[in-house]
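Novice: Residue-level listing of the chains:
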Amino acid sequence: MTILERLSTWKETGAIRGTQYDTISAIVRKERFSVFFELNALLYLGVLSLIAGTGWVIQVYAASLGDAAIISCLTLILFGSLYYCFTRGLPYSTAQVESPTLVFDYVLYLACLTLALEIGYVETRFHVLHSEWDYYLLGSAVLFFGFAYRFDNRLVLSLALSTFAGWFGIRTSRLNLLSGISIRGPALIYSAVVIAAGTWFFWRNIKKHFTETYFHLGVIVLFSALISQVIGNESWFDLAAVLLFAAVAILGGVKFGRFAFVVYGIFFGYVAISSQLLRGLRMDSVGALGYFLISGSVVTMFVILLARGLGHEE
Amino acid sequence: MRIYAQADEEKVRAEAVVREWQRSGFLDTSQAAQIANELRVDFRRTNFFLRALLFLFTSIVVAASVSLVITVFGVDEKTAQATVCVIAAILCLGAAEFLIRNFRFYRFGVEEAVAIAAVVLLGLAAAFATSGSEPDELVAPLAIGVLGGLFIYLRYGYLCAALGSIGCAAAIPFAMHVPAEGKRLIAALICAFSFSIVRRGRLQRGDDFPGDDYGLIQASAWAGLYLVLNLQISFIRYYEQSLFYWLTYAMIWILPVVGLWLSFRSKDRPLLNVSLMAALITLATNKPYLHLMRRPWDPILFGLFLIVSAVLIKRWLGKGPNAQRGGVTASRLLARDCQALAIVSTASAALQPALSPSPAPAAKPNFDGGRSGGAGATGSF
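In order, the protein sequence lines correspond to chains Y and D.
By this note's numbering, the letter at position 271 of the first sequence is numbered 1609, and the numbering carries on one by one without gaps.
By this note's numbering, the letter at position 347 of the second sequence is numbered 348, and the numbering carries on one by one without gaps.
By construction, these hints were calculated from the structure, which means they are not laboratory data.
Errors might be hidden in some of the hints.
What the hints assert, rightly or not - Straight-line C-alpha distance at most 27 Å; calculated DSSO-like pairs for lysine-lysine:
#, chain 1, residue 1, chain 2, residue 2
1, D, 184, Y, 1368
2, Y, 1349, D, 184
3, Y, 1349, D, 288
4, D, 288, Y, 1368
5, Y, 1545, Y, 1593
6, Y, 1368, D, 268
7, Y, 1349, Y, 1368
8, D, 268, D, 320
9, D, 12, D, 268
10, D, 268, D, 184
11, Y, 1546, Y, 1593
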C-alpha cells in the first residue's frame, strides 16, 4: 500500500481533513518539492570559501596591496553586511524568529568572519593590545553572542562558542586526546560556564532552541578534557569525574529524551574505563580480549534494557 | 527471501512519514497518534542513538569473541583461522535470524551488527584461505563482500549492506593486476550497471518502500561512478594525458549535469544532492585537471559563484506562480530541513574556516602566533 493510498484511506475515514489531504498529498506526489536545504548548503559553503579565499589573498598579497586597501575592503564588507542585517532584521524576540530572507543568516555569518579576519590583521600589523591580544577573542565572542541572540542565528552562536573556547585556550576543532598537555582546567571552566549559560537562558525562556548547542559543545569539551587526563596522565581522579559526568549525561539524556547525551555518557565512560584498565596490556592478549568480550556484553545488555524501556522514542 | 513482511515494513516507513508531517505542522498531535496507532507493528525498535551504540558494542563483542578463540586455542594456521571465521559467520547469521524471529528486532543495532559481522567474517575467511597463494588475493574477499552484502540486503533490507556490496564490487578491479586506467573503467562500469539496475525500481516505486532505499542506493552508485572517473580524487595523482584522461575530464562535467537533469525530472532528492556535490567537486578539481596553477582568489570566485547561484535560483523560483516553478520551491516545507540546518550549525563550531590555506611562501608581513577559535581570528596568516 503506497503512502498516497493510505492518505486517501485516512481522508475517507476522517482521520485527516480534506485541506490536510490536499497539502500533504501535493508533497507526496512531489507537486511541491523544496530545495531549501540545498540552497542553504550552497550559501554556507559559499561564505566559507569566500572568507578562506580572502584570507589567502591577504596572506599572499599583503605587501603589495597595503594596509589601507586591505582594511578598507574588509571594513566595507563588514559594515555592508551589518547594514543589511540591521535594516532587514526582524524585531528581537526571546522566542525563535524565522530569518527574513534566505541569505540573511549567511550575511551575518560573513560579517562575523570578516570581523575576525580584520581583527587578526590589525593586531598582527599594529600590535594594539600586544601580549593582551587574546582579549580580542573575548570581545569578539561577546559581540558574536550579541549578534546570535539579536538575529537568532545558530551559526553565529556556534562561532561565538568556539571563539569563547579560544579565549579559554582550547582549540575546539583540534582537541588532541593524546597530547599530554593538560587542558583540563580551562576546559572544565569553559564547560561549566557554557552549560550554566545554556541552562540560565533556558530557564529565562530566552531562545530556548539554542540550549542544545550549548550542551553539546559543553559536554564534548568536558569529556574530551577529562579523558585526555585519564589517557595521558593515568589519573584515577579524572576517571572518577568522567564516570560521574557520564552518569549525569545518561540520566539527563534519558529524562529529557536527548539520546545523543546518552551516547556521550556511555561512549566516553567506556573509553575512560578501558584506557585505565587495559594500560600496559597488549590488545591481542587474552586479558584484553576477555575484557572487551565481557565489558562489551555488559554495555550491550545495559543499552538493550534501556532501549526496551524507551521503545523507539526519538 | 525477506525476513520481514512487506506490509510491516511499509507501515514502519509510513509511521516515520506521519511523524515528520506532525513535526512540520501538517497534522496535530491527536491525529498523528490515531494514525500511528493504526500503523503499529510488533517490531522491537529503538532510536538512532541507541541503535548506533548497540551496533558498536555488539561489533566489539563479536570481534573480541573470534579473536579470543583464535588466541586461546593458539590457531596459527591460516586455514584453521579461516575455519574459525566461517564457523563464527554461521553463528552470527544464526544469531541474527534468532533475534529477529524470537525478539522481533527491527533496526535495533544488535541484529544488524551480527548480520554484517557474518559477511565481514566470511570475507576474512576468504582472505585467510587465499593469503599468499594467489597474485590477486584480495579479489576473493571482495567477491564474498559483494555476494554477502547482496544477500544481507535481500534478506534483512540493511541499506549499508547494499552500499557495501556495490563498494566491494567497484573495489575488485583495484585488487586486480590490470592497468590503472582499466581499473577505473571497470569500476565505473560496475557502478553504472548498479545504477541502471536500481533506477528501474526507483522509478517504479518512487518514495514508497522499497523505493526510498533504491533512491539511496542509486545515488550512491552515481557517486561511486563520479568518484572513480575523477582522476584528481586518487592516491595516485599522475595520469598520462591520454584519450582516457580527457575522457574522464569530459565525464566529470557530464555526470553532474546528467545527474541534475535526472534528479530534477523525477524530483529525486538523494540523486540531486549527490549531483550537486559532484558539480562542486568538478569546479574544485578543474584547475588541477588542466594542470593550471591555483590562485589565491580562486576560493573567492568559487564562493561568490555559489552565493550568487543560490540567490539567483531563489529569486527565479520565487517569481514563479505560488513561488514555485515546475513544483520546485525555495521555501521550507518539512521540519527535517530545519533540523538538518541545526545540526550543521552546531557542528560548524568544530569546522570554522582555516585562513591560511596557501602552500606558497607568505609575503611580508608575517603574522605569527595566535590561538584557535574566533574563526581563526588570531591564527597565523
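Novice: Each hint should be assessed against the structure and marked as holding or not.
Specialist: Status of the hints after comparison with the structure:
no. : hint               : in the structure
1   : 184(D) to 1368(Y)  : violated (39 Å)
2   : 1349(Y) to 184(D)  : violated (54 Å)
3   : 1349(Y) to 288(D)  : violated (56 Å)
4   : 288(D) to 1368(Y)  : violated (38 Å)
5   : 1545(Y) to 1593(Y) : holds (21 Å)
6   : 1368(Y) to 268(D)  : holds (7 Å)
7   : 1349(Y) to 1368(Y) : holds (19 Å)
8   : 268(D) to 320(D)   : holds (20 Å)
9   : 12(D) to 268(D)    : holds (23 Å)
10  : 268(D) to 184(D)   : violated (33 Å)
11  : 1546(Y) to 1593(Y) : holds (17 Å)
Hint compliance for this structure: hints 1, 2, 3, 4, 10 are not met, and every other hint is.
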